[in-house]
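Colleague: Sequence:
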Amino acid sequence: MREIVVFSGSAHQTLASRICDKLGVPLSRSESKRFSNDCLQAQLLANCRQRDVYIIQPLVPPTQEHLMELLLMIDAARGASAAQITAVIPHFAYARSDKKDASRISLGGRLVADLISTAGAHRVLTMNLHAPQVHGFFSVPVDHLTALGVLADHFRGTDLTNSVVISPDLGNAKEATQFSRLLGLPVAAGSKQRQSDDKVVIDSIVGDVRGKRAIVLDDEIATGGSILELLDRLADFGVTEAAVACTHGLFAGKAVERLRGHPMVSQIVTTDTVPAPSDWPELQVRTVSGLFAEAIARIHGGESVSILFDGVDPTHAPPQGSLFDKVGG
260 MREIVVFSGS AHQTLASRIC DKLGVPLSRS ESKRFSNDCL QAQLLANCRQ
310 RDVYIIQPLV PPTQEHLMEL LLMIDAARGA SAAQITAVIP HFAYARSDKK
360 DASRISLGGR LVADLISTAG AHRVLTMNLH APQVHGFFSV PVDHLTALGV
410 LADHFRGTDL TNSVVISPDL GNAKEATQFS RLLGLPVAAG SKQRQSDDKV
460 VIDSIVGDVR GKRAIVLDDE IATGGSILEL LDRLADFGVT EAAVACTHGL
510 FAGKAVERLR GHPMVSQIVT TDTVPAPSDW PELQVRTVSG LFAEAIARIH
560 GGESVSILFD GVDPTHAPPQ GSLFDKVGG
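Straight run, no breaks: the sequence shown in my numbering ends on number 588.
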C-alpha cells in the first residue's frame, strides 16, 4: 500500500498534529515564503513521489492568504508526482458564497472549488459545509464529515431536563433536528432575515420554547449576531439559560466580548476545526481530530467513509470502529 504523507499549511498546525497523532504518522515539514513583491511560495520538504498526500488547511482569517497557500501546496504535491492528493479543509469558508441572491454577484464557493481541483487535488475532505449544495460545486469527490456526534457527546450525561434544541434559522433546522434526536430532545427554530453580513433580525420562533432551557446549535459563529438576536427573542419567551454549540467557532470582531459576558449563556462549546481564541479560557473545545484521522485511514485503505455514520439515528455520529491499524507507515 502507498505510504501516507501529511502536510499542514500555516492555518492550524495544532489540529494537523492531533490528526497525525491519531493516525500514527509524522507530520511532514513544509515551508512557505514570501517574495519581495508579496507573492507566496510553498515547498514540501518530504518525498511525495507515488505517495498518498494529505494537505490540511482550514480557510480561516486571513482567508485569502491561507487559500493561496493551500493551492500552492497542492500544486507542489502534483509537481512532485504524488499518486493522490487530498485537500483536507476542516472549515471551507467560501461555503457561505453559495447562491445568486443579488444582481451581478460572485459565486465564490464554486470558484474556489474549481481552483482547488485545477491546482491538482484529487479529493476534498471537509466538515459541516454551510450549505449542502456546496458539495456539488466540486468536480472531484468530496467526503463531507459532521461534528454533530462530537457535540452531542459533550451534552450526554449532563442534566437535559426541560431542554430544547434551537436553530437560529430555518436553514439549519435539519441539522438541529438530527442533533435533537441524538439527545432525545424536542427542537425549535428561529425565523431569521439577514440584513447584512453582521446584522440579522429574528421575528419569530417556530416551536415550543416557553420556560425551557435552550441548547442553541449553529454550524458557524462569526460575529455572533445571529446568536445574540436569538437570545433576545428567547428571553421574550421566558428562556433564562442557553448553552451554545457550533462546529466552526470563528468568533470574529467583538464576538468573544459579546458572548462571554452574556447573562443568558451558560456555556459555549465548539470544535477545533479552526483555532480557538487565545483569550477565552472558558470556551469548551472538542477535538474532531479522531474523525478526520479515521476518514483519512478509510480513504487511504479504499474503505467506505460513509460507514462512519452507519447504524446511528440519525446517520451522523462518531465513528463506529477503527481502521487506524490498517494505515501504512
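Be careful, since some hints might not be right.
[To be verified] Simulated restraints on C-beta separations:
| # | residue 1 | residue 2 | range |
| --- | --- | --- | --- |
| 1 | PRO540 | ASP280 | 21 to 31 angstroms |
| 2 | VAL465 | GLY283 | 38 to 48 angstroms |
| 3 | SER450 | GLY367 | 22 to 32 angstroms |
| 4 | VAL465 | GLN272 | 33 to 43 angstroms |
| 5 | SER563 | ARG469 | 40 to 50 angstroms |
| 6 | PHE496 | GLN526 | 29 to 39 angstroms |
It is worth saying that the hints were derived from the structure and are not from the lab.
Cβ coordinates follow ideal geometry from the N, Cα and C atoms, glycine included.
Colleague: If a hint holds in the structure, say so; if it doesn't, say that too.
Modeller: Hints, verified against the model:
A hinted range of 21 to 31 angstroms holds for the C-beta pair PRO540 and ASP280, which are about 23 angstroms apart. Against the hinted window of 38 to 48 angstroms, the Cβ-Cβ separation of VAL465 and GLY283 comes to about 46 angstroms, which satisfies the hint. The hinted range of 22 to 32 angstroms is satisfied by SER450 and GLY367, whose Cβ atoms lie roughly 26 angstroms apart. For VAL465 and GLN272, the hinted distance range of 33 to 43 angstroms is satisfied, since their beta carbons lie about 42 angstroms from each other.
Hint check: SER563 to ARG469, Cβ distance near 44 angstroms, so the stated range 40 to 50 angstroms holds. In this structure the hint that PHE496 and GLN526 lie 29 to 39 angstroms apart at CB is violated, the actual value being about 20 angstroms.
Violated hints amount to a single one, hint 6; each of the other numbered hints is respected by the structure.
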